[in-house]
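Engineer: Below, each chain spelled out in residue letters.
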Amino acid sequence: MSFRKTGAAILALVMAASLPVAAFAEEEKTIEPTEVTFWHGMSNTQEQVLTELTDRFNEENEYGITVKLVNQGNYGDLSTKLTASAVADELPDLAQAYNNWLTAYTDKIVPLDEFVENDFDDYEDLVEGYRAECEQLGFIGALPFNKSTYVYFYNKTMFDELGLEAPKTWEDMLAVGEKFMEEKEMPAFGVDDLAGFLEASLAQNECEYASDEGALFDNEAGLETLEYIMGLYNNGYARLIGEDDYFSSVISTQRIGGYIGSSTGVSYITADDFELGVAPLPTNKKAAANQAGTNIVMFAQDENQQAATWEYMKYLTSTEATTEWAMKTGYLPVRVSAFESDEYQSFMADDITATAAYSQVDAFFPAAMFEASNAVRTSVNTMFEEVVLDELEPEDALAEFVQIINEECDVE
Amino acid sequence: MEKKSMKGYLYLAPALIIILIFTIYPLIRAFMLSFMEDYNLVNGSYKGINLENYIDIFQDRHFIKALTNTGIYVVFVVPCSIALSLIIAVLLNSHIRFQGVFQTIFFLPYVTSTIAIGIVWGWIFNSDYGLLNQLLSWFGIKSIPWLTSKQYALPSLIIFSIWKSMAFDILIFLAGLQTISEDLYNAARVDSTPRWRVFWRITVPGIGPMISYAFVMGMINAFKVYNEVYALFRGKNGPAGSANTVVFYIYDKFYNQSKYGEASAAAVILFLIVLGLTIIQRTLTGKKE
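Quick mapping for you: the protein sequence lines, in order, are chains D and B.
FYI, the numbering for the first sequence is 1 to 412, going by this note's numbering.
FYI, the numbering for the second sequence is 1 to 289, going by this note's numbering.
Note that these hints are calculated values from the structure, not bench results.
Glycine included, each C-beta is placed from N, C-alpha and C at the ideal position.
Check before you lean on any hint, since a few could be wrong.
Computed spacing ranges between beta-carbons, pair by pair [unchecked claim]:
1) B:PHE271 - D:GLU178: 47 to 57 Å
2) B:PHE58 - D:GLU60: 56 to 66 Å
3) B:THR68 - D:TYR268: 28 to 38 Å
4) B:TYR129 - D:GLU52: 52 to 62 Å
5) D:VAL70 - B:GLY44: 19 to 29 Å
6) D:GLU90 - B:LEU20: 15 to 25 Å
7) B:ILE220 - D:ASN118: 53 to 63 Å
8) B:ILE17 - D:TYR75: 27 to 37 Å
9) B:ILE273 - D:ASP172: 48 to 58 Å
Calculated pairs, DSS-like style, for lysine-lysine (alpha carbon to alpha carbon, straight line, at most 30 Å) [as the list claims (entries may be wrong)]:
10) D:LYS179 - D:LYS156
11) B:LYS142 - D:LYS179
12) B:LYS224 - D:LYS81
13) B:LYS224 - D:LYS184
14) D:LYS328 - D:LYS314
15) D:LYS179 - B:LYS150
16) B:LYS47 - D:LYS108
17) D:LYS184 - B:LYS150
18) B:LYS236 - D:LYS81
19) B:LYS47 - D:LYS81
All chains, please: the whole structure from these sequences, using the hints.
Structural biologist: What follows is the structure in C-alpha cells.
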C-alpha cells in the first residue's frame, strides 16, 4: 500500500518536473549527443584546416555532437562512393558534393528550407551566386562550402616587358594574344575547363547556354561568342592543354602568357622566376564568372541526426569559420560579411588572387543544371578540342556545338 | 561414388560462389539493365523495357568512334605483338650471351604498373622533348605531335600497347620453344635446311598451341583496352576523344554520365563481339588439331 503511494508520489514528481522541461524544449532545442559523419574530398592543407575547424566544433558545441571526418579520396572517388552508398541506402549524414552528382538521387537530399527559415544566421548574407547554386534543385539542397571562381592568371613580368596590361575585355584579350604571338611566338591564353569557358563566354555576351530544350545559343550572340573563341584559338593566341596536365604547370615553366583557371589553382603555380599577376575574367557586354567548388549536402535521416548535422553546417558557414577557412586554404568565403570583415580585407590586401576573385563576386554564376548537363559537359569538352584541332570557322564550330548539345538533350 | 562427387563440389564451392557473385550475377544484371530505359541506379526505377538503349548508343557518334577505334586497335596490336614476340623469343632462345638478362628485360613491362609505363611513354611521345621525335629527327623527319593530334593518338596507343603486350607473349613463346625437341633441329642441321624453313616448319608448328593461345588471350584483352588509354592520355581518351575505346566509353557513361542502361548496352555489345570472335577462333583452331 505504502509502496504504491510512494510510486504515485514519484510519478507526480516526475510529471511535475517534466512539465517545465517540455515547455522549455519548445523554445530551446535539445539534441542528444551523437556522432555525425562527414564525407569529404579534401587533402593536404585543406584537410588539415578542415580537421582543425572540426576539432574545435567537437570541443565547443554544447550538445555533445562529434563530427567524424571521412576522407573519400578525390572528387571522382567521392562522387562514385556517394552514388554507391545511395544505392545501398547508406549515405553519410553530410557530404561535399556538386549538384550534378546528385541528379540520380535528389529524393535522398534533405531540403534545408525549414532549417534556414527557423535557425540560420542571415541567409541573404551568403554570396548570391552560391545561393542560386544551392537552390538549383528547386529547394535549398545545400549550403556553400569550399567555393572558388575562375580568374585569369598571367605572367606579369612578360606583360610588363611587352608593355601590356591585364586584359579587361575580349578585345584586350585578342590584342594581348596578337602581341604575344608577334613578340614571343607564344600563346597568351589557355583554359583548364573548356566547357566552363564556353558557358562563361556566352554569358559575357548576354547569351544563354543550354537547358532541357537543348542549346540556346544558335543565334547572333552565340555566333559572336564563337568568333571570339575561334579567333583566339585559330590564330594561335590560345592553346589546348595537350600533353600537360594543367595550365598551372605550363605557366610555371613560362610556356604561356596566361590562363583561365580556378582561383585555388594558385597553390600549384610556381612563380620563382617571374611575377605572377591575377585578373578577373575579361568581359564583353557584361561581366560573368564561373563559380566552382563543392557545397555541403545533408542526407541524415533521423531527426536528431539532422539537427546535429545542421549545427555543424551552421558552424562551417558562419562568418568566423568561413573567413578562417578561406584565409588558410585559398578558397573564397561564402558570406559577404566574411569578405567584408577587417580580417579578410587585410588578408586580401596582400593576396592578389583573392582580390581578383572578390572583384568579380557580383558576376558569379553557377553552371547550368539540367537533366543532361553532365553528358553535355563531357561532350562539349570533347567537341571543343575537336573544333580547335580542326581549326573550324566560327559558323561551323557553332553548328557542331549546337548539334552535340541537342543530341545529348534528345532535341531534334 | 555419390559421396565422392559431393566432396568435389565442396572443394569447388568457394571458387564457384565467388564466380557466381562477381562474374555471373553482374553479367546477368548488365544484360537486364541494358533493356531498361532511363534506369535509375538508386531507386531502381525505369521507364520501360525496350531496345531504346541499343538504339541510343548506335546513334551516338562517340560509341561508333569507340567501336571503330577498338576494332583498329585489335587488328594492329594482336598480330604485330605476336609476330614481334615470336622473333624476339626465337632470338632469346638461340643460346646468346646474357640470355637471362635479356629475358628479364623483355619481361619487365609485364610486371610494371601500366600507369608508370604510361608516364614514361608519355615522355617518349612528347612532341617537344620526346625520345621518339629526337630519333626521327636524325632521319630528317619533322617532329610529330604524337599525343596531341587526332591522327596520331590512336597509332601512339597502338605502338605503346604492342610494346606492352609483347612481354607476356614472349614469355609463353619461350616456354613453348623449350618444349620443342632438340633432335628436330639437329636433323634439320644435318640436312642443312635453310633457317627460314626451320622456323616455319619446326618452330612455328612446335609452338602452334602457344600462338593460338596468345592470339585468343591477346584479342580478348585488346577488346577490353582501358588502362593503356588512361595511362597514356592522363585519364582522358585522347585529344578530342580520338583514342576512345569501348571500355572507356562504358566507364564514362556509367560513372560520369549516370547512363546506366546505355553503359550496360555497350557492355553487352562488347561481350557479344568477344564471344562471337572467340567461338569462331575455337572452331577454326579446333579443326586444325
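Engineer: The structure should be examined with respect to each hint, and the outcome stated for every one.
Structural biologist: Structure-based check of each hint:
Between PHE271 of chain B and GLU178 of chain D the C-beta distance comes to about 53 Å, which sits within the given range of 47 to 57 Å. The hinted window of 56 to 66 Å between PHE58 of chain B and GLU60 of chain D holds, with their beta carbons roughly 59 Å apart. The hint said 28 to 38 Å for the Cβ distance between THR68 of chain B and TYR268 of chain D, and at roughly 37 Å that hint holds. For the pair TYR129 of chain B and GLU52 of chain D, the beta carbons lie near 42 Å from each other, so the given range of 52 to 62 Å is not met.
For the pair VAL70 of chain D and GLY44 of chain B, the supplied restraint of 19 to 29 Å holds, since their beta-carbon distance comes to about 26 Å. Roughly 24 Å separates the CB atoms of GLU90 of chain D and LEU20 of chain B, a value that falls within the hinted 15 to 25 Å. Hint check: ILE220 of chain B to ASN118 of chain D, Cβ distance near 60 Å, so the stated range 53 to 63 Å holds. For the pair ILE17 of chain B and TYR75 of chain D, the beta carbons lie near 35 Å from each other, so the given range of 27 to 37 Å is met.
At roughly 53 Å, the beta-carbon separation of ILE273 of chain B and ASP172 of chain D lies within the given 48 to 58 Å, and the hint holds. Only pairs whose Cα atoms come within 30 Å are accepted, and LYS179 of chain D paired with LYS156 of chain D is accepted, the gap being roughly 14 Å. Note on LYS142 of chain B and LYS179 of chain D: the hinted pairing holds, with a Cα-Cα distance of about 27 Å set against a maximum of 30 Å. Pair hint LYS224 of chain B plus LYS81 of chain D holds up; C-alpha atoms about 24 Å apart against a cutoff of 30 Å.
In summary, the hint linking LYS224 of chain B to LYS184 of chain D is not supported, as the alpha carbons are separated by about 45 Å, beyond the 30 Å threshold. Under the criterion of a C-alpha separation no larger than 30 Å, the hint pairing LYS328 of chain D with LYS314 of chain D is consistent with the structure, at around 19 Å. In summary, the hint linking LYS179 of chain D to LYS150 of chain B is supported, as the alpha carbons are separated by about 29 Å, within the 30 Å threshold. The suggested pairing of LYS47 of chain B with LYS108 of chain D holds, with an alpha-carbon distance near 20 Å, which does not exceed 30 Å.
With a C-alpha separation of about 27 Å, the suggested pairing of LYS184 of chain D with LYS150 of chain B holds against the 30 Å cut-off. The straight-line distance between the Cα atoms of LYS236 of chain B and LYS81 of chain D is roughly 21 Å, inside the 30 Å bound, and the hint therefore holds. A distance of roughly 25 Å separates the Cα atoms of LYS47 of chain B and LYS81 of chain D; the hinted pair therefore holds under the 30 Å criterion.
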